[in-house]
Amino acid sequence: MNGRLALILAAALVALAALALAPFYLGPYQIGLLIGLTGYVTLSSAWALFSGPTRYVSLATVAFFGIGAYTVAALNEVLPYPLVLAAAAAIGLAVALVVGLSTLRLAGVYFVIFTFGLAELVRQLVTWYEVNVTGTLGRYIFMSFGPEQIYWQLLALMAITLFISWWIGRNRLGLALKVIGDDEVVAAHCGIYIARTKLALFALSAVIITLVGAIQAPRWTYVEPGIVFNPTLSFLTLIMALLGGANRLWGPALGAVPLFLLFEWLSARFPDHYSIILGLLFILIVFALPGGVAAFAERMFGQRKPTPQMPGAESALARDTAEARR
Amino acid sequence: MLTTAIIAGLVLGGTYALVAMGLTLQYGIARIMNLAYGETMIAAAFAAFVLKDALGLNPVTGLLLVVPAGFAFGYAIYGVMMRPLVARAGDRGALEIDSILATFGLLFVIQGVLLVLFGSNYMSYSYLNIPVSILGANIAANRLLALGLALTIGLTLYALLRYTRWGTAIRAVAVAPQSAVLVGIDVNRAARFAFALGGALAAAGGVVVSMYQTFTATSGVTFTMKALIVVIMGGVGNLLGALSAGLILGMVETFVATYLEPGLTLAATYAIFLTLLLWRPQGLFGKATR
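Those sequence lines, one after another, are chains A and B.
Residues in the first sequence are numbered from 2 upward in steps of one, following the numbering used here.
Residues in the second sequence are numbered from 3 upward in steps of one, following the numbering used here.
Since the hints were derived computationally from the structure, they do not count as laboratory data.
Beta carbons: idealized from backbone N, C-alpha and C, even for Gly.
Simulated coverage check for chain B against chain A, where a stretch passes if three residues somewhere in it have a Cβ under 8 Å from a Cβ of chain A: (1) 97 to 109; (2) 115 to 129; (3) 266 to 276.
Extracted from the complex, chain A is given alone in its bound form (with noise of 0.2 Å):
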C-alpha cells in the first residue's frame, strides 16, 4: 500500500513537473487555453469539495469567484500582490462564513435557491456602492506579469486542491460528510457536529474560489461587476463536476477538461446559440449521466472486471445472480 502510494504521488509531481513547464514550449493561445483549463479544474474540484458529499447544490460560484476578482481590482494599487491576495481570500471567507451561517442549517432547496441569487445580490451591492460612495463603475487592473505567472499560480492552487479533497476523502472529515450527505438524522446521532462540518468545508472551497477569481482578475485590463459576476461561471462550474462525478477525487476534473475544450470550440463557432447548446448539454447530461462520468466508468469497468477472474463455477453463480437482481 505504501509502495503504491509513493507510486501515485511520484506520478502526480511528474505531472505538475510537466505541467509547469508546459508554457516554454507554447504559444500565448495554448497558454490562455491552460489558464481557462486550470481554472475551471481548480473551480469544479472546489466545488466539489463541499457539495459533492454533502449534495448541497451551490449556484454561488460566480459570487466568490467576482469576489476575488473585484477585490483584486480594488486594492491592486493600493497593496502589494500578496497581500492583495491574502485580503481577498480574507473577504472571500468572511462571506463564505456570515453565508453559511445564516443558510446551512435550511433545508436543500432553500440553500439551493438562495445560492442561486447570492450572486446577483453581491452584483447589486457592488454596483450600488461604486455608483453612490466611489462615483466610478468600472475599475482597471495593471499588473507587471505576464499570462505565465498567472498560470503558474492557478496551478499551484489546483494542486493544492487536489490535495486537500485527497487528504480529506480519507481521515474522519470526510467520512463525516459522507454521512451527512447520506443522513442528516443519522449523523447527528453519531455525535458529528453538522453544522460546524458543513461550515468548514463550504468556507474552504468558497475561499479557493475566491482565490481563482483573485488569481484571474489580471487577464482583464477593465473589471466591473457586470463582467466578473456573470452567471454562466456558477452554470458552467456545475455542470462540470456532475459531468465528472462529485463524489470522486478526480470527477470535476475529468469532466472540466472535455467540457472546457467543447465550450471554447462552441462559443468561437456558434456565438448566438451558445446558451441553446450549452442548455441541451445540461439537460442530455442531468438525464444520461446521474452520477457523472467517473461513476459511470466504475460502474462498467464494476461489472465487466470481475467475472473472468473467478472460477467457472463460482463466475456463473454470479452471473445468475446478477441477472435475476435485474
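Let chain A serve as the given structure and place chain B on it in line with the hints.
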C-alpha cells in the same frame, strides 16, 4: 407621493402574487422546482409584444392566446422532461435536485432562443398609457388594468381550487401524495395538470408584466428569484400565502425604491427572505413539513 407608492406597490405585488401562484402549484403539487419559470414568463411577454406590434392585438385579447399556449407548453415539458425524472427519482430530495438541474438547462435553452429571435435589447410596447387620477395620485391606466387582471386570475384560480371537486383532488395531492392514490386520485395526472397550470399562470404573469414594464431576454432570472422568495415566504403550496407574500414584497420593493434607493431593491428582498427563513423556516402560512 405616498398614494402613488402604495398603488404602484399594489400593482407590482399583484403581479408577483400571480406569478408566484404558478410556481407554488408546480413546486407544491408536481414537486418540480422549476428554475426556468421566469423564462416562461418572459417568453409570454415577448409573445404579447409580437401580438401587439405585428398583429395589432391588444394584450388582454393576447392573454386568450398566450395563456393556453403556456398551459400546453407546461403540459409538454412535464411529459417530455419531468416525467422520466419523476419515475427515476427514489425520493423527494433526489427529484428536487434533478428537477433543479434539468430546468436549469431549460432556462438556458429558452433564454438562448429568445436572444436569437429578439436580441438583448430592452423591449416595451405602448398600451393604455393614459394617466388616471385616484385619490389625487396619477397612475397609468395599464398598471391598474394589470392589477385588476392579476387579482381576477388569481382569485378565480383560488376559488376553483377551493370549491370544486377537481380542486380538492389537486390539493389532496399536495397534502399527501401517498394517500391520494388510495382514494382513487391519479397522482401523476394531477401533477402533470398542476405543472401545466403553473405554465399557464407564468404566461399570464408575463403578459401582465409586459403591459407596464420593459423587459429583456435575460430578465427571467430575477422573476424566478422573486417568485421563489414569495413562494417560500407564503409557505409552499399555499395560494393565499403566495397572494399576501406577493403583495408584501411588491410594497417593500416599491417603498425601498421610492424612499431609499432604487439600486437596493434586491438587497431588501433578500433581507426579508433571510429574516423570514431564520424566524419561520416553513413560511408565513406554511406548516412544518420536514
